[in-house]
Amino acid sequence: MQVNGIRAHLPICLNGGSLQIFQSGGSAVVVTEFHLRVSYDWNQQLRVTVSSAFQGSLCGLCGNYNDDPGDDFQTPAGTKAPDANTFGKSWKVDVGDQDTCWDDCHGPCVPCQADQTQKYQSEQYCGLIKAPGGPFSLCHSKVDPGFYLEGCVYDVCANEGHRQSVCDALESYADACQKHGVQIGEWRKLAGCLPECPPNSQYQQCGTACPATCLDEQAQQQLLCPAVCIEGCHCLPGYVLSQGKCIPKSSCGCLHEGYLYAPNEGFWADDKCTKRCVCNPATNRVECTQQVCKSSEKCLVIKGVRDCYSIDFVSCKIHGDPHYFTFDKYKFDFQGPCAYVLTEVCEKPMDLNWFGIYVQNEYRGNRAVSWTRSVQINVHGIEIIISRQYPGKVLVGGILTFLPYNAVGNRVKIYRKGPSAVVETNFGLTVSFNWDHQLTVTVPGTYRNTLCGLCGNFNNIPADDALVPGGILVPQIPVFGAKGTKAVDPSCKQVIDPACPGVDILAKQQRASGRECGLIVAINGPFRECHGHVDQQAAFQDCIYDSCYLKGRYAFVCAAIANYALACQAAGITIYPWRTPTFCCESLRSKRNSC
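Residues 5 to 599 in this note's numbering are what the sequence shown spells out, letter by letter.
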């Protein structure tokens, strides 16, 4: 679990014991000095208990606690919601991953058919809850089995009869019964729901609600320990519960300011990363020294761990007809004319923002090559489209918008920089597109090993960037690109023409002449100081590729050379004039700039 964004081990004792967090059975339990108790089993059972002092003072999905069930569907506006969906939606908060958040079935709700209902109400499934003489029969007078039976059938039907859904529902009813002090019969073996207990523990149907822990070996004997028993995996004698495992007391480690640390575990004791501590296993005491992050590092909390992290950003670049250069510096050419996943978060840790970036390609005069027509950015619950169709503007939520523009409370900034539109987020994602042929996506290093798409998986291994969905490495780039298709238009066909004839001869001629694409690699040419800093051979090949396929269309050759010039300048390298009044000046003249 996390406390104030930092991952922590259970049990935890803070503020002199006024806030305690521990594990009881299969649940994490939070208890405060004012008698708030919250338990969650990391899966589907959540229980909140408050004292009568809060009567008439609460609001939310749990109701207002005024002893009148009839007005519990009250919205924040004070009106009564007509149904559960409206009520739930009214209490939604703007936290978490909004891109995967919806308020209904996310499509048509599929009702449970009569034959399915009959099947799942049988004692082989949910019917065990209500079975006369069954393991829960003594509880029927204390806890209404009908409510739990109905919920069980709904869940099992929605999950197409999945056995774990049955087990989860039966466990919920068993827990409710035990909370009321009812002794239930053996139900797990009967229902096929026996748990797998970790080492040094065993399953008990009626075990203590206050297991021995590293903080308190005698927790069961405390006056505040509930008299009711709970089922689950309980530690064998001689072991204590720590971090969900049963360990010898000697392996507990160190207690520091209410938090437990494992033997030899290191951590930062302050939020500026100036005090580094480690748990000494010989003394079970924390030892700290003064340290600071390196100049190339920053003190951050990532995935719940505070540490000194490298400040690095990487870019995926697409230019021309499209030439791709992935986050891991894997280069390929792909001419598909459809819509593709350029990059999106496919393995999302809880503390990283989700985003998805998609490109729509198109043919421009030659069906042998395609170009980027538009880029779509989905982030923070909004959709942004930069399209060749609307130069100088962007679509935000489907509305054509002038730049600059700020969205989602300034968490997304969209502005113009030189010839490009730039989308910049509050977590370090930047997308730049010049409404024509140059597209760059830059992400912070925190997204390493979380991405997928044409820009690769960002794991610092170029060789495995051509992975299609499902984790299969394909040797043919057209196959890799086609597998990344996002388009839902069935008329979009992946037609990839063969290599341009004569490309080798053209490359030899231009390399020797030092003209057109040859400017890029010319030893004494305008880019001579950039050689060795930005790969001139790759840029030359891209330029030749475009020149061969698009004979006589110098604008595309100029774009390829300009792309190399831009990369050199971005690297801080001096370049020399390469445009002339007769070569690559037309586009600049149209903008009243000088060659």
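If you're looking for bench data, these hints aren't it; they were derived computationally from the structure.
Quick reminder that beta carbons are idealized off the backbone N, C-alpha and C, glycines included.
Certain hints may be false.
Here are the simulated DSBU-like pairs of lysine-lysine, each with C-alpha atoms no more than 35 Å apart in a straight line [what the hints assert, rightly or not]:
no.: 1; residue 1: K333; residue 2: K193
no.: 2; residue 1: K335; residue 2: K302
no.: 3; residue 1: K134; residue 2: K193
no.: 4; residue 1: K397; residue 2: K421
no.: 5; residue 1: K84; residue 2: K183
no.: 6; residue 1: K146; residue 2: K96
no.: 7; residue 1: K134; residue 2: K333
no.: 8; residue 1: K335; residue 2: K249
no.: 9; residue 1: K333; residue 2: K249
no.: 10; residue 1: K335; residue 2: K307
no.: 11; residue 1: K249; residue 2: K276
no.: 12; residue 1: K183; residue 2: K298
no.: 13; residue 1: K249; residue 2: K397
no.: 14; residue 1: K335; residue 2: K421
no.: 15; residue 1: K555; residue 2: K512
no.: 16; residue 1: K298; residue 2: K333
no.: 17; residue 1: K183; residue 2: K146
no.: 18; residue 1: K146; residue 2: K84
no.: 19; residue 1: K298; residue 2: K335
Label pairs and their calculated CB-CB ranges [unchecked claim]:
no.: 20; residue 1: A516; residue 2: T434; range: 38 to 44 Å
no.: 21; residue 1: Q187; residue 2: L240; range: 21 to 27 Å
no.: 22; residue 1: N8; residue 2: F38; range: 17 to 23 Å
no.: 23; residue 1: Q122; residue 2: T434; range: 54 to 60 Å
no.: 24; residue 1: S22; residue 2: T121; range: 28 to 34 Å
no.: 25; residue 1: T287; residue 2: N464; range: 57 to 63 Å
no.: 26; residue 1: S255; residue 2: K84; range: 26 to 32 Å
no.: 27; residue 1: R167; residue 2: G401; range: 48 to 54 Å
no.: 28; residue 1: V309; residue 2: G401; range: 33 to 39 Å
no.: 29; residue 1: A542; residue 2: V7; range: 21 to 27 Å
no.: 30; residue 1: T36; residue 2: P80; range: 33 to 39 Å
no.: 31; residue 1: D539; residue 2: P80; range: 55 to 61 Å
Taking the hints in turn, this is what the structure says about them:
A threshold of 35 Å between alpha carbons decides the hint, and for K333 with K193 the separation of about 54 Å lies outside it, so the pair is violated. Restraint check for K335 and K302: the C-alpha separation of about 31 Å stays at or below 35 Å, so the hint holds. Using a Cα cut-off of 35 Å, the hinted pair K134 and K193 holds, with the two alpha carbons roughly 17 Å apart. For the given pair, K397 sits about 13 Å from K421 by alpha-carbon distance, which is consistent with the 35 Å threshold.
About 31 Å separates the Cα atoms of K84 and K183, which keeps this hinted pair within 35 Å; it holds. A threshold of 35 Å between alpha carbons decides the hint, and for K146 with K96 the separation of about 33 Å falls inside it, so the pair holds. At roughly 61 Å between alpha-carbon atoms, K134 and K333 are farther apart than 35 Å, so this suggested pair is violated. Using a Cα cut-off of 35 Å, the hinted pair K335 and K249 is violated, with the two alpha carbons roughly 46 Å apart.
Of the supplied pair hints, the one linking K333 and K249 is violated, its CA atoms being roughly 42 Å apart against a limit of 35 Å. Only pairs whose Cα atoms come within 35 Å are accepted, and K335 paired with K307 is accepted, the gap being roughly 31 Å. Restraint check: the Cα-Cα separation between K249 and K276 comes to about 31 Å, which is no more than 35 Å; the hinted pair holds. A threshold of 35 Å between alpha carbons decides the hint, and for K183 with K298 the separation of about 53 Å lies outside it, so the pair is violated.
Only pairs whose Cα atoms come within 35 Å are accepted, and K249 paired with K397 is rejected, the gap being roughly 56 Å. A hinted pair counts as satisfied when its Cα atoms are at most 35 Å apart, and K335 with K421 qualifies at roughly 26 Å. In summary, the hint linking K555 to K512 is supported, as the alpha carbons are separated by about 16 Å, within the 35 Å threshold. For the proposed pair K298 and K333, the alpha carbon gap of about 26 Å is at most 35 Å, so the pair holds.
Of the supplied pair hints, the one linking K183 and K146 holds, its CA atoms being roughly 10 Å apart against a limit of 35 Å. For the hint linking K146 to K84, the alpha-carbon distance of about 30 Å falls within 35 Å, and the restraint holds. Only pairs whose Cα atoms come within 35 Å are accepted, and K298 paired with K335 is accepted, the gap being roughly 32 Å. In this structure, A516 and T434 meet the distance hint of 38 to 44 Å, their C-beta atoms being roughly 39 Å apart.
The hint said 21 to 27 Å for the Cβ distance between Q187 and L240, and at roughly 23 Å that hint holds. In this structure the supplied range 17 to 23 Å holds for N8 paired with F38, their Cβ-Cβ distance being about 20 Å. The beta-carbon spacing between Q122 and T434, approximately 56 Å, falls within the hinted interval of 54 to 60 Å. Between S22 and T121 the beta carbons are some 48 Å apart, a value that contradicts the proposed interval 28 to 34 Å.
Checking the proposed 57 to 63 Å range against T287 and N464 shows it is violated: the Cβ atoms sit about 39 Å from each other. As the Cβ distance of S255 to K84 is approximately 55 Å, the hint placing it in 26 to 32 Å is violated. Restraint check, R167 to G401: a C-beta distance of roughly 43 Å breaks the suggested window 48 to 54 Å. For the pair V309 and G401, the beta carbons lie near 35 Å from each other, so the given range of 33 to 39 Å is met.
Checked against the hint of 21 to 27 Å, the C-beta distance between A542 and V7 comes to roughly 48 Å, which is inconsistent with it. Under the hint 33 to 39 Å, the C-beta atoms of T36 and P80, about 25 Å apart, miss the expected range. For D539 and P80, the Cβ-Cβ distance of about 57 Å falls inside the hinted range of 55 to 61 Å, so the restraint holds.
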